Amino acid sequence: MRGAGWRLGGLILATLLVGSGCPVTPFDQSSQFSIVADADKKMCLEFQRLTDRERAAVASMNSDQLQQLLAVRVADADNDVPNTAGTVTLVDGNLRFEPRYPFSEGLTYDAVLRRSRIPGNDANMPDVLEGFGFESVPLESPTKVTHVYPSADELPVNLLKFYLHFSAPMSRGEAYQRIHLLDADGKEVADPFLELGEELWDPGLQRFTLLFDPGRIKRGLKPREEVGPVLEEGNRYTLVVDREWTDAAGYPLAAQVRKSFVALVPDEAPLDVNAWKIEPPQPGTREPLVVRFPEPLDHSLLERVVRVVDADDARIPGEVAITDGETCWRFRPERAWQAGEYHLVADTTLEDLAGNSIGRAFDVDVFEPVQKQIKTDLVVVPFAIGP
Amino acid sequence: MFTRRILLLAALAATSAIAVGQAADLTAGMKKGTPELKSAGPATFAPQGILLVGDTTGATIYAIATGDKSAGSPSEPLKIEKIDEKIAGLLGTSPKEILINDLAVNPETGSTFLTVSRGRGPEATPVVVRVDSAGKLGEFSLQDVLYSSAPIPSAPEGSKARQEVTTDLQFTGGQVIVAGLSNEEFASQLRVIPFPFEKTAGGTSVEIWHAAHGKFETRSPVRTFAVFDVGGQPNVLAAYTCTPLVRFPLSDLKPGSKVKGTTIAELGNRNRPLDMIVYEKDGKDYLLMANSARGVMKVDVQKIDETDGITDAVRGGGTAGLPYDTIADLKGVVQLDKLDKDHALLLVQSESGSLNLESVQLP
Chain G
1 MRGAGWRLGG
11 LILATLLVGS
21 GCPVTPFDQS
31 SQFSIVADAD
41 KKMCLEFQRL
51 TDRERAAVAS
61 MNSDQLQQLL
71 AVRVADADND
81 VPNTAGTVTL
91 VDGNLRFEPR
101 YPFSEGLTYD
111 AVLRRSRIPG
121 NDANMPDVLE
131 GFGFESVPLE
141 SPTKVTHVYP
151 SADELPVNLL
161 KFYLHFSAPM
171 SRGEAYQRIH
181 LLDADGKEVA
191 DPFLELGEEL
201 WDPGLQRFTL
211 LFDPGRIKRG
221 LKPREEVGPV
231 LEEGNRYTLV
241 VDREWTDAAG
251 YPLAAQVRKS
261 FVALVPDEAP
271 LDVNAWKIEP
281 PQPGTREPLV
291 VRFPEPLDHS
301 LLERVVRVVD
311 ADDARIPGEV
321 AITDGETCWR
331 FRPERAWQAG
341 EYHLVADTTL
351 EDLAGNSIGR
361 AFDVDVFEPV
371 QKQIKTDLVV
381 VPFAIGP
Chain F
388 MFTRRILLLA
398 ALAATSAIAV
408 GQAADLTAGM
418 KKGTPELKSA
428 GPATFAPQGI
438 LLVGDTTGAT
448 IYAIATGDKS
458 AGSPSEPLKI
468 EKIDEKIAGL
478 LGTSPKEILI
488 NDLAVNPETG
498 STFLTVSRGR
508 GPEATPVVVR
518 VDSAGKLGEF
528 SLQDVLYSSA
538 PIPSAPEGSK
548 ARQEVTTDLQ
558 FTGGQVIVAG
568 LSNEEFASQL
578 RVIPFPFEKT
588 AGGTSVEIWH
598 AAHGKFETRS
608 PVRTFAVFDV
618 GGQPNVLAAY
628 TCTPLVRFPL
638 SDLKPGSKVK
648 GTTIAELGNR
658 NRPLDMIVYE
668 KDGKDYLLMA
678 NSARGVMKVD
688 VQKIDETDGI
698 TDAVRGGGTA
708 GLPYDTIADL
718 KGVVQLDKLD
728 KDHALLLVQS
738 ESGSLNLESV
748 QLP
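Listed in order, the protein sequences are those of chains G and F.
Residues 1 to 387 in our numbering are what the first sequence spells out, letter by letter.
Residues 388 to 750 in our numbering are what the second sequence spells out, letter by letter.
No wet-lab data here; the hints were simulated from the structure.
A hint or two may mislead.
Claimed, not checked - Pairs of lysine-lysine, BS3-like flavour, derived with a Cα cap of 27 Å:
#, chain 1, residue 1, chain 2, residue 2
1, F, LYS469, F, LYS456
2, F, LYS425, G, LYS41
3, G, LYS144, F, LYS671
4, G, LYS42, F, LYS483
5, F, LYS469, F, LYS425
6, G, LYS41, F, LYS483
7, F, LYS483, G, LYS144
8, F, LYS523, F, LYS647
Remember, it's a predicted structure, so these values are computed and weren't measured experimentally.
Isolated chain G (complex conformation) (with noise of 0.2 Å):
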């Protein structure tokens, strides 16, 4: 239902419409109300056409009153939805409303002025009304997905995670209607993975981690018992980005995105150092450090906490690149390696695809202790770099 008391007969004196970031003068001269910027650049609302008797009458009034004369809505919203919140002021002869939190990109308006409330007018004086707005302005290029990890297109079938990382920043609130998994046949497997109403992203929101239903992974779960695993063995899926996922900006992604893989045997091992193969670099180089690992491992995890420290302990800066589908950890020095004696360093929370970790299964199978159990946090590699 419109709001009766803001569109009087349906009449719209005019529209502004300002483009973010746009000057300040108002669209054309035949509206009543104009947009300003304040001291700190937000965008307000003014009616600058107030008479010197009026000026003088409002400048009497108390804040209570002021609230009460000029009012913001958002534009088309049901009649018991509230006024925009926000301040009047009268500001160098004008009468400026400035909105709690900054007017929105895309949304129209309502002002009114209830010109009859200014002391020493006729009570029968008419409301001042009118519609504004704010165009939204599309980002110059579309947010697309850079990359799907795992990036291999055969992974285990107890994979535990999937991250996305996109172009730009994205919007939350939508991932799990976005994402789909569907089988060798398109049709969609149903509920794949751990819908979290907080959704997992970096603080930027440029990458969304995507975990499986832990429950359907899990050995001797009830939903595992039920409907079985997500993925079968020997069986092809491909997973689904929808062009319709909104960035930060409000618009759609460029395209459609669409990674295919076969689900392999399971993964169900700790992750052995022992197994990872150092190939050090020359002294007097910045060539890198090169560590190969003999499966894929989790991408943000090898980002973040392999490290290498030389022989007091102390990091040695430089870059890291994870390359050959995430099996291998390259690391670019700063400055030219010197020979000696170094050491590489993983915290244990390292994992591989399905989530075992150093030292850990995911799920431990505690009647059959083959696994040695590593219980510090970090493990230790020595290496050297020769003269």
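Once you've looked at the hints, dock chain F against the given chain G.
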């Protein structure tokens, strides 16, 4: 047999406050100012009108003295339809730019506090909206409030990408218990932070494990939980992300300990727990849990201390452990809290996608 009794969280909290001295002012030591929340996520109340809010982006738990006063007892059931649209209008934006992250009822006043994101991108503004017991809605200003905060250490070496997402928090017995989940490694993060917050402490992180059939163990993250009394001892009743319902004594949450929950119910496939409360009705104790797929479940926890834990596989759609009913009338419930001794307050997603805030009789 143990005597058992479920205490409402508020009652439990009140008991604790009495235990440390009735006059203890929980706002003592708080500073006056404007807490710089970067996000407003899970929320709950401590006694004396103190709102606890999890700020995942800012990796902090805030305690805010609301000074909330009662608007009087409601004469009729509370129902605010399309509350997302109303909040959007108040904040001058469209409903699609509003995310309601949690709701918490102040048990001392019946006011509801909603933690909201205005905007959905990384620049979203956190807002707290208050709905008084008469249903009047307005922004709760964080300007010049008494508050304190506790950091949640997010990552060593200041990683830019890792976050510990707070999924639930509760106040009990002078401490704040925070459940979280990492966006990288799969591990449980249950943190116990003494309250009032100390200057330095981010609390203790405890590993919570889950053993299926006494056999396969994982460090399973906790999705939602409630605290209640079993045989005079406070227990945490937790729903894991991998779905079982477990309990473990609060006293087990000690630094460096490895806590393994006792599975008391397996609530079935495709049943993702969202939120839970405990309550007493007609002298019996119940748990009310909102789920993503199976509606709202009412779990009879009378025999919780006699349940030894589920050790065998449950097949064929059956359930194990404590008996439960699915409340068919309650569909689309995404958040819930206890409004008073007879009512729950629900945030319900309607078929059109809009959100309603409504009170219902506790079933």
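Evaluated hints:
1. Restraint check: the Cα-Cα separation between LYS469/F and LYS456/F comes to about 25 Å, which is no more than 27 Å; the hinted pair holds.
2. Taken as a hint, the LYS425/F and LYS41/G pair is honoured in the structure, with Cα atoms around 21 Å apart against an allowance of 27 Å.
3. Restraint check for LYS144/G and LYS671/F: not satisfied, since their Cα atoms lie roughly 54 Å apart, outside the 27 Å limit.
4. Restraint check: the Cα-Cα separation between LYS42/G and LYS483/F comes to about 22 Å, which is no more than 27 Å; the hinted pair holds.
5. Distance restraint check for LYS469/F and LYS425/F: the Cα-Cα separation of roughly 26 Å lies within the 27 Å cut-off, and the hinted pair is therefore satisfied.
6. At most 27 Å may separate the alpha-carbon atoms for a hinted pair to count; LYS41/G and LYS483/F meet this at roughly 25 Å.
7. For the given pair, LYS483/F sits about 22 Å from LYS144/G by alpha-carbon distance, which is consistent with the 27 Å threshold.
8. Taken as a hint, the LYS523/F and LYS647/F pair is broken in the structure, with Cα atoms around 44 Å apart against an allowance of 27 Å.
In this structure, the earlier hints numbered 3, 8 are contradicted, and the remaining ones agree with it.
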